[in-house]
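Number of protein chains: 2
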Amino acid sequence: MEMDLNAQVKKAGFLQRLKEFPSKLQDGVTKRIKNVQKFGKDDPRRIIHSLKVGLSLTLVSMLYYVRPLYNSFGVSGMWAILTVVVVSEFTVGGTLSKGLNRGFATLIAGALGVGAVHLARLCGDKGEPIVLGIFVFSLGAAATFSRFFPKIKQRYDYGALIFILTFSMVAVSGYRTDEILVMAYQRLSTILIGGTICILVSIFVFPVWAGEDLHKMIANNIIKLANSLEGFEGEYFPSSEKTSKETNSCVQQYKSILTSKSAEDTLANLARWEPGHGRFRLRHPWTKYLKIAGLVRQCAFHFEILNGYVLSDVKIPLDFISKIQEPCSIMSREAGEALKDVAKCIKTMKRDNVSINKHIEKSKNAIQSLRIALKTSSPETEKDLLEIIPGVTMASILIEIVNYVEKISEVVEEFSGLAHFKETPDPKVSPELGQHQLLHRGTVKPVLEGDNEEENNSSSHVVINVHDEQPPTTNEKQSFGRREDDESRCRVDMLSLPKL
Amino acid sequence: MEMDLNAQVKKAGFLQRLKEFPSKLQDGVTKRIKNVQKFGKDDPRRIIHSLKVGLSLTLVSMLYYVRPLYNSFGVSGMWAILTVVVVSEFTVGGTLSKGLNRGFATLIAGALGVGAVHLARLCGDKGEPIVLGIFVFSLGAAATFSRFFPKIKQRYDYGALIFILTFSMVAVSGYRTDEILVMAYQRLSTILIGGTICILVSIFVFPVWAGEDLHKMIANNIIKLANSLEGFEGEYFPSSEKTSKETNSCVQQYKSILTSKSAEDTLANLARWEPGHGRFRLRHPWTKYLKIAGLVRQCAFHFEILNGYVLSDVKIPLDFISKIQEPCSIMSREAGEALKDVAKCIKTMKRDNVSINKHIEKSKNAIQSLRIALKTSSPETEKDLLEIIPGVTMASILIEIVNYVEKISEVVEEFSGLAHFKETPDPKVSPELGQHQLLHRGTVKPVLEGDNEEENNSSSHVVINVHDEQPPTTNEKQSFGRREDDESRCRVDMLSLPKL
Chain A
1 MEMDLNAQVK KAGFLQRLKE FPSKLQDGVT KRIKNVQKFG KDDPRRIIHS LKVGLSLTLV
61 SMLYYVRPLY NSFGVSGMWA ILTVVVVSEF TVGGTLSKGL NRGFATLIAG ALGVGAVHLA
121 RLCGDKGEPI VLGIFVFSLG AAATFSRFFP KIKQRYDYGA LIFILTFSMV AVSGYRTDEI
181 LVMAYQRLST ILIGGTICIL VSIFVFPVWA GEDLHKMIAN NIIKLANSLE GFEGEYFPSS
241 EKTSKETNSC VQQYKSILTS KSAEDTLANL ARWEPGHGRF RLRHPWTKYL KIAGLVRQCA
301 FHFEILNGYV LSDVKIPLDF ISKIQEPCSI MSREAGEALK DVAKCIKTMK RDNVSINKHI
361 EKSKNAIQSL RIALKTSSPE TEKDLLEIIP GVTMASILIE IVNYVEKISE VVEEFSGLAH
421 FKETPDPKVS PELGQHQLLH RGTVKPVLEG DNEEENNSSS HVVINVHDEQ PPTTNEKQSF
481 GRREDDESRC RVDMLSLPKL
Chain B
1 MEMDLNAQVK KAGFLQRLKE FPSKLQDGVT KRIKNVQKFG KDDPRRIIHS LKVGLSLTLV
61 SMLYYVRPLY NSFGVSGMWA ILTVVVVSEF TVGGTLSKGL NRGFATLIAG ALGVGAVHLA
121 RLCGDKGEPI VLGIFVFSLG AAATFSRFFP KIKQRYDYGA LIFILTFSMV AVSGYRTDEI
181 LVMAYQRLST ILIGGTICIL VSIFVFPVWA GEDLHKMIAN NIIKLANSLE GFEGEYFPSS
241 EKTSKETNSC VQQYKSILTS KSAEDTLANL ARWEPGHGRF RLRHPWTKYL KIAGLVRQCA
301 FHFEILNGYV LSDVKIPLDF ISKIQEPCSI MSREAGEALK DVAKCIKTMK RDNVSINKHI
361 EKSKNAIQSL RIALKTSSPE TEKDLLEIIP GVTMASILIE IVNYVEKISE VVEEFSGLAH
421 FKETPDPKVS PELGQHQLLH RGTVKPVLEG DNEEENNSSS HVVINVHDEQ PPTTNEKQSF
481 GRREDDESRC RVDMLSLPKL
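Just so you know, the sequences run in chain order A and B.
In case it helps, full-length UniProt numbering puts the first sequence at residues 1 to 500.
In case it helps, full-length UniProt numbering puts the second sequence at residues 1 to 500.
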């Protein structure tokens, strides 16, 4: 009886599930579709790229569909299809790198293959396959070995692959056909057609530039680090206004920087293949991005350790915290602000050192306040140095982070010169500058021996700025700028004079 | 006259360079050859892999050279060559992943392509290319879009590429040929032949297993970190016996760990495709390696910061250094020793927790000594807390590193169970154990209710060990192990009891 009941319950459950199945299936499918839609919306360039591949495929299919084209190329048209499928990469740099590698490798390997077949035919009927076999074995092995070399792997890996492929195919199939030259010509021309279609579609239909991606990625990484730094205050000193939950997501943003090296390397590598586009010239200093990224990552390493102290349950005496809270808050906040300005400078490709240096200056002043706070607080709390160790360590790492932020801003400044960033349109002393107030200003035309007057016509005057060094007092100081162009930099150098 | 002399000097210089050219060329070539030789010697598997590719190519060429084979496959043999070239990867996992992806994608796409051609033929002569074009465009775009999804990209990227390729080729060329089924059959069978040759050569001729590489890589990373930790002592307290130059190379070894994530991810991904081999079973916990690697990298991040303090020019008072020198040296040395034992445990695939825990214990004891040293030293040096901040920070980070080393050993112990590591063959009390001296030992056969006697025949005795807890005194303590197998673990648990 019990068994019977059990069976009934089971049957009812099964029927229930059978009834629910269509609605569950529908829910599952809707969920999937929504996921896919969200994925496409996150980066619409993915959808565009997919449509571009479809377009290239349709274009290249014309080699088959259009009778006159089919008559001249025949079944070799499928090499064009193959080329389109494998050469179509997401970025212009990727497509160009693959396309050019494929084109040149096919050309060289095809020529060598035809030569090898002719040479082998001299060895008679029995010798021919043996000689061809030796050629294919040795050249295949040598080209495969070359792919291990880092320099070749980085740039010509695909070319080496296509070299092996084409040489083997031409050499081996040359054994069975006499029209090897016609075949090689047809194949090469269809590959060129396929490659050209890909490259044209890639460049002229909503192009995705690897260089631009790299540029944005570096700027975004700096912003992430800045957000983490600014969130740190609210996380470590939760008495601040912001809620802890809100800042926590900010604080974790730096995590992705820790392991972004390979993505950056790949983009920098592809960016080299790209022609000039937008504000990026042909010889844009792509490798410099990697230097900036390296410093940003170093800074993120430090923040990772800092974050470890935030997450740990170690209790630090409240009176000690209250002493270091203000300078630490200022340090992290101003370092974050400085980084945001650096990122803005990269994003807009406009120099704006004044604002960056102002924030760095403030955070360095906070370091001094922190030192003073530590100095004055130590005699009272010496009874337990152990308790304040985590706090001291945290402060110490925060100082290192500020130093790194300064290094980043220096490297970006150097980079901005190489990458021809625009000067800020109006380099006048802005009221936010605060520390230095302009009292007098005049221009003097200098007499330079052997100076080409035409060349220097517009910029050969010296600017003398007289600043008010300490706003409340009246000690005056002269700064001699050499040219108007150098003016903002001069002031910047002066601002960063009091090295801490 | 002067001009004449100038020209003469130039000419002489040119002739000189012309004379030197052959010897220079020879030098250059010799240097290159030596470089290549060295590169091959560094990892002879590279040469072996190159020869394997040559071998596969030669084998697959037989489809052309041998008349009966050529009669049955014809020019489709070139698909076998193509498959061999693109599927031959360095590791077995890579070859299997590409081979299986290619095989299944060709099968599915080929079937769909034949279906599409039949469907298109129903639409009449004018409709056929339009319908085929729509099919190629939409399926090509959809498959390209699918390649953006991380899960598909990770495992089936190549399959999606081959799907687009095969479907487009079959559908488009189906427009111009009536023997589409014969063509599809020939192509599929040659691809299977090429793929099979590759996979067989890859597995049976000097195989390179991605899993084994991952296993060794993780162990080597741990050794690198251990070397850095052990070198740290000589670097930071150069009064030690070792010369600074010698240790410096050791200290820098951890650097490569900071950015090894992508290499580890790739290997773990390929290892999943590999069948069981050697001591690695089919369902070896490959993802656990990534967990260990993550902890090792975290530890390396900390060491990076620590190393920054070593390289900085900050001067720390000598009396403070002398106080923390000994515990810090012990901490880094013992943590390094513990890591070396962990690496040995992974390399040999044998558990040896006793030795690991002994070293961790010692380094944790050193943390206590360090705390005491800091506590006693603080009242005297409180006059300048600022000066000792770098030293305190260094010590604090070193403590974190020791904690990470303990975490690594715990995760590796958990992993050793999942990966079926061998127990250490002789778990008797070794004299090096030092802390616990065996005084008495006996076995008692327990009476367990409902115990299957046959099953427990060999291991159903209880061991009672009486240890001398503190060697110089005579306080005795009893430890009750349940079974002989658990004996070493019992002692280990006891050893780690005094948690710090």
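Treat the hints with care, since some could be wrong.
Distance condition first, Cα-Cα at most 20 Å in a straight line; then the derived SDA-like pairs of lysine to any residue [to be verified]:
1) K288(B) <-> N220(B)
2) K255(B) <-> R45(A)
3) K291(A) <-> E413(A)
4) K407(B) <-> E304(A)
5) K375(B) <-> I316(A)
6) K261(A) <-> P150(B)
7) K261(B) <-> L295(A)
8) K291(B) <-> I180(B)
To be clear, the hints were calculated from the coordinates, so they are not data collected in a lab.
**Asked** Which numbered conditions among the earlier hints are violated in the structure presented, ordered from lowest to highest?
**Response** 2, 8
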